[in-house]
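Given next are the chains, with one letter for each unit.
Number of protein chains: 2
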Amino acid sequence: MSAVTSLSALARLRQVLGEIVDLQRAAELLQWDQETCMPPGGVEDRAAQLATLQRLAHQRFVSAEVSRLLERAEAEVEGLPYDSDEASLVRVTRRDLELAARVPSDLVAARADAAARAAAVWREARAASDWSRFVPAMEVSVELSRRLAEAVGYEERPYDALIRMSEPGLTTARVESLFAELKAFLVPLVRRLVDLADRVDDRVLDRPCDRDAQLALALEVIRRLGFDLNRGRQDLSAHPFCAAFGPGDVRVTTRVGSTLRDSALLSSVHESGHAMYEQGIPRSLDRTPLWGGASPGVHESQSRLWENLVGRSRPFWEWCLPRLRAVLGETVADVDVDLLWRALNKVRPGYVRVEADEVTYNLHVLLRFEVENELLEGRLRTVDVPDAWAARLYDYLGLERPADALGPLQDIHWCSGMGHFVGYTLGNLIAAQLMEAVRRDLPDLDRRIADGIFGDLLGWLREHVHRHGRKFTPDELVRRATGSPIGADPWIAYVEAKVAAVYGLT
Amino acid sequence: MSAVTSLSALARLRQVLGEIVDLQRAAELLQWDQETCMPPGGVEDRAAQLATLQRLAHQRFVSAEVSRLLERAEAEVEGLPYDSDEASLVRVTRRDLELAARVPSDLVAARADAAARAAAVWREARAASDWSRFVPAMEVSVELSRRLAEAVGYEERPYDALIRMSEPGLTTARVESLFAELKAFLVPLVRRLVDLADRVDDRVLDRPCDRDAQLALALEVIRRLGFDLNRGRQDLSAHPFCAAFGPGDVRVTTRVGSTLRDSALLSSVHESGHAMYEQGIPRSLDRTPLWGGASPGVHESQSRLWENLVGRSRPFWEWCLPRLRAVLGETVADVDVDLLWRALNKVRPGYVRVEADEVTYNLHVLLRFEVENELLEGRLRTVDVPDAWAARLYDYLGLERPADALGPLQDIHWCSGMGHFVGYTLGNLIAAQLMEAVRRDLPDLDRRIADGIFGDLLGWLREHVHRHGRKFTPDELVRRATGSPIGADPWIAYVEAKVAAVYGLT
Numbered sequence: 041m042s043a044v045t046s047l048s049a050l051a052r053l054r055q056v057l058g059e060i061v062d063l064q065r066a067a068e069l070l071q072w073d074q075e076t077c078m079p080p081g082g083v084e085d086r087a088a089q090l091a092t093l094q095r096l097a098h099q100r101f102v103s104a105e106v107s108r109l110l111e112r113a114e115a116e117v118e119g120l121p122y123d124s125d126e127a128s129l130v131r132v133t134r135r136d137l138e139l140a141a142r143v144p145s146d147l148v149a150a151r152a153d154a155a156a157r158a159a160a161v162w163r164e165a166r167a168a169s170d171w172s173r174f175v176p177a178m179e180v181s182v183e184l185s186r187r188l189a190e191a192v193g194y195e196e197r198p199y200d201a202l203i204r205m206s207e208p209g210l211t212t213a214r215v216e217s218l219f220a221e222l223k224a225f226l227v228p229l230v231r232r233l234v235d236l237a238d239r240v241d242d243r244v245l246d247r248p249c250d251r252d253a254q255l256a257l258a259l260e261v262i263r264r265l266g267f268d269l270n271r272g273r274q275d276l277s278a279h280p281f282c283a284a285f286g287p288g289d290v291r292v293t294t295r296v297g298s299t300l301r302d303s304a305l306l307s308s309v310h311e312s313g314h315a316m317y318e319q320g321i322p323r324s325l326d327r328t329p330l331w332g333g334a335s336p337g338v339h340e341s342q343s344r345l346w347e348n349l350v351g352r353s354r355p356f357w358e359w360c361l362p363r364l365r366a367v368l369g370e371t372v373a374d375v376d377v378d379l380l381w382r383a384l385n386k387v388r389p390g391y392v393r394v395e396a397d398e399v400t401y402n403l404h405v406l407l408r409f410e411v412e413n414e415l416l417e418g419r420l421r422t423v424d425v426p427d428a429w430a431a432r433l434y435d436y437l438g439l440e441r442p443a444d445a446l447g448p449l450q451d452i453h454w455c456s457g458m459g460h461f462v463g464y465t466l467g468n469l470i471a472a473q474l475m476e477a478v479r480r481d482l483p484d485l486d487r488r489i490a491d492g493i494f495g496d497l498l499g500w501l502r503e504h505v506h507r508h509g510r511k512f513t514p515d516e517l518v519r520r521a522t523g524s525p526i527g528a529d530p531w532i533a534y535v536e537a538k539v540a541a542v543y544g545l546t
Numbered sequence: 041m042s043a044v045t046s047l048s049a050l051a052r053l054r055q056v057l058g059e060i061v062d063l064q065r066a067a068e069l070l071q072w073d074q075e076t077c078m079p080p081g082g083v084e085d086r087a088a089q090l091a092t093l094q095r096l097a098h099q100r101f102v103s104a105e106v107s108r109l110l111e112r113a114e115a116e117v118e119g120l121p122y123d124s125d126e127a128s129l130v131r132v133t134r135r136d137l138e139l140a141a142r143v144p145s146d147l148v149a150a151r152a153d154a155a156a157r158a159a160a161v162w163r164e165a166r167a168a169s170d171w172s173r174f175v176p177a178m179e180v181s182v183e184l185s186r187r188l189a190e191a192v193g194y195e196e197r198p199y200d201a202l203i204r205m206s207e208p209g210l211t212t213a214r215v216e217s218l219f220a221e222l223k224a225f226l227v228p229l230v231r232r233l234v235d236l237a238d239r240v241d242d243r244v245l246d247r248p249c250d251r252d253a254q255l256a257l258a259l260e261v262i263r264r265l266g267f268d269l270n271r272g273r274q275d276l277s278a279h280p281f282c283a284a285f286g287p288g289d290v291r292v293t294t295r296v297g298s299t300l301r302d303s304a305l306l307s308s309v310h311e312s313g314h315a316m317y318e319q320g321i322p323r324s325l326d327r328t329p330l331w332g333g334a335s336p337g338v339h340e341s342q343s344r345l346w347e348n349l350v351g352r353s354r355p356f357w358e359w360c361l362p363r364l365r366a367v368l369g370e371t372v373a374d375v376d377v378d379l380l381w382r383a384l385n386k387v388r389p390g391y392v393r394v395e396a397d398e399v400t401y402n403l404h405v406l407l408r409f410e411v412e413n414e415l416l417e418g419r420l421r422t423v424d425v426p427d428a429w430a431a432r433l434y435d436y437l438g439l440e441r442p443a444d445a446l447g448p449l450q451d452i453h454w455c456s457g458m459g460h461f462v463g464y465t466l467g468n469l470i471a472a473q474l475m476e477a478v479r480r481d482l483p484d485l486d487r488r489i490a491d492g493i494f495g496d497l498l499g500w501l502r503e504h505v506h507r508h509g510r511k512f513t514p515d516e517l518v519r520r521a522t523g524s525p526i527g528a529d530p531w532i533a534y535v536e537a538k539v540a541a542v543y544g545l546t
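These protein sequence lines map, in sequence, to chains A and B.
The numbering of the first sequence is this note's numbering, which starts it at 41 and goes up by one.
The numbering of the second sequence is this note's numbering, which starts it at 41 and goes up by one.
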């Protein structure tokens, strides 16, 4: 303890970093508000506000003051354990600063400004299902991602720079090798399951689902999973997301559909997986760069784990079906757990990534990963994205060309640049790998889930994932939690077993 | 034009001021969110974020850079007309800077932090109707107001410093003389009208009013008055307010009651009066200190004018009653305009300022003004506020001691310091004075209002008040619009005439 109290440069560094975090969280709230509340006329003002907040946060972070304090703090923490709060804070701040220092303030502001403007254009273009309306905003977005990659630097491919920023320790080559394993497994599997489609009857999912009922059920379920509503809330937005403004205020958004298939439930469970991660990070890491998820990929592992490995499991529906019956009444009176569980796991190649089943989902990500690389490297023109999209959709999923709203306009992500999708597949892989480790420690997990007891699972994740915040790289974290670096085998084994059970394969 | 394009220091000053405005608007949104959306757990994080944003805005404003640019800009605008955008920007920035420079950054941060914390305590104390729970937060608030007054400086009374900050050009002495006129007129008038209470039957206001119906009607009405929903929205909060985040995003909040008496309608009209003021300030003044209302008092003149001089007028109800019938149906089928209009103008001494009729309202403000002066000058202990409150309530309105929730805990204002209430009475006076001038220019105003045509009135206000933003002091603005400085006579004449009509006096 005495070592800590004497760390005066570190203490001062914490103060400055705290202010930077406050600016970033204010910007997060402005973005949350833009998606949930802001009137259409606010776009211009909001873009200016976001640009200012993000520019000031960036300027402050790359200031001479932070550099000086960080250097002194590095000397102060020498000899402290690698995983101590102090050593980790200094190490991660250094890593963040090295990247941030390479990105000029103007580029940071330009990206924030472009993202806010593009979000409004995207909404209009999607409503009109017209990619050409989004092309000018997309041109800007691609160009800004290219400038970002040039600024950060890379040896072979611009995408390396983007991965370095989001998933420290990983490379494009590593991701491509994971994707190659998945592709080899998935493309033939999807073809086979399409041929066996008759084996799983999922018409139950087309039954109507009252809007208020689905929202009420979603809220009841995520609260039961462990989402703390005293420190969070749920709202509606076009594209569901989770936003964290500190340990005491972590919010999810969801969207309602008209049937069981597109109901709010599993979308809410997904976002609450993100939110429980943020709510599980200790206050001792608050207002520092250590407060937050380890990476987008690790973050996605938490949402995927709750959405798919829990929310699409048979034990979960043993617990949840009576609750579904309570809010929907007659509509599902004749439905049994087996029917509903199999329906929810039917493999149906479709256009929309966020509605995709677990098996086809990673092929959606692969498609975007490839398109993004081609755009960044100038091998694809922005205006031709719908063609490139259609060609891959056919090769990987056997689908005909979709309307733009169901094609490249389905995601808001490209408004704020490239490189966001890889984390989703990493998240799937990490989720399965963590779940293997969970089952070793909690052999009766399925029984507990069937009883509606989720605290043991959440406790395991708090202990092995959440409490570390951003201390470790994705590989470090996964290795500490499971004994191995990130790999595709656990996910492939999990999917093989589930598909065999759902489709009655041998 | 060439004069403007060569103003390089002014152009640079505008950039810096724009960033400061962005920080302030972000803080405004964080406050709006705190009142409308934030979960209870967010209090601590939010206080830190607000303190940081407000401290950074303040530091930036009182920086050497702004001083240097402002000095050069003052030389650049020499010879430009007093009311030009450029000369006004420099003049008002100098005035703001002189005040801001006297207030240390630490005090700014402490006030923001205390306000956020006190708001949460106030909500709990009010729910428990227990002033003693709020006393510690109130002690901090009084002490911070005292420190603020000392920092700003004053000759005789600390309140002078607070008025100087909010209503430039006015003094405590001027306000006291206006209050003296009002008190001499009002205290005997209230006694007389209480004796004549039987002359006005307001039981119609106790009829039930469906929550959704009142919100729908309120939204329809404020949109018709001229509130632009493309650049704004309406939400619910415990205490209604208006918040502006720029020309494209101005929001009002309202609250619902269970009867016509406490329905959302006139509260929404009030807040939309504030909002239309902000929406009427030209984009040419955006992101500068000139964007915003001239003062809290002038701001309140707009809300009062729409709420009382329009919303409680007979012509307004000729137009509005059919709309009220459309949403409430049978409930008001037997009600005629005269009955409803007289009921809405019945003078009923009551505990709650925001529910007070026009006649007793200013006495509520007088009470707070006197209590605040006593607290600031150490003549009253915080713990004794409920006693001081009760004594005045009896003298001015003839009422017995209320529960704390209906006494000093009814307003959120003291969470963020003192000196806020004077503007409400100034607003009443200015509203009546403006309306006299409006009627000279628009002699058939009543007929138009009865036809639901509000554009001429809004146009007059846009031209004579809104378009100037913060260019002029309250007295300058009122003198330009009406020919005289702020006075009490127009309001007294207006109330005398209205009371005579409602009560059938001669």
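For the record, the hints were derived by calculation from the structure and aren't laboratory data.
Note that the Cβ used here is the ideal one computed from N, Cα and C, for glycine as well.
Be a bit skeptical, because a hint or two may be false.
Quick list of the computed label-pair ranges, beta carbon to beta carbon [claimed, not checked]:
1) A/THR299 with B/ASP486: 30 to 40 Å
2) B/ARG419 with A/PRO144: 50 to 60 Å
3) B/GLY418 with A/PRO144: 46 to 56 Å
| said: Flag every earlier hint the structure violates by its number, smallest first. | reply: Violated hint: only 1; rest satisfied.
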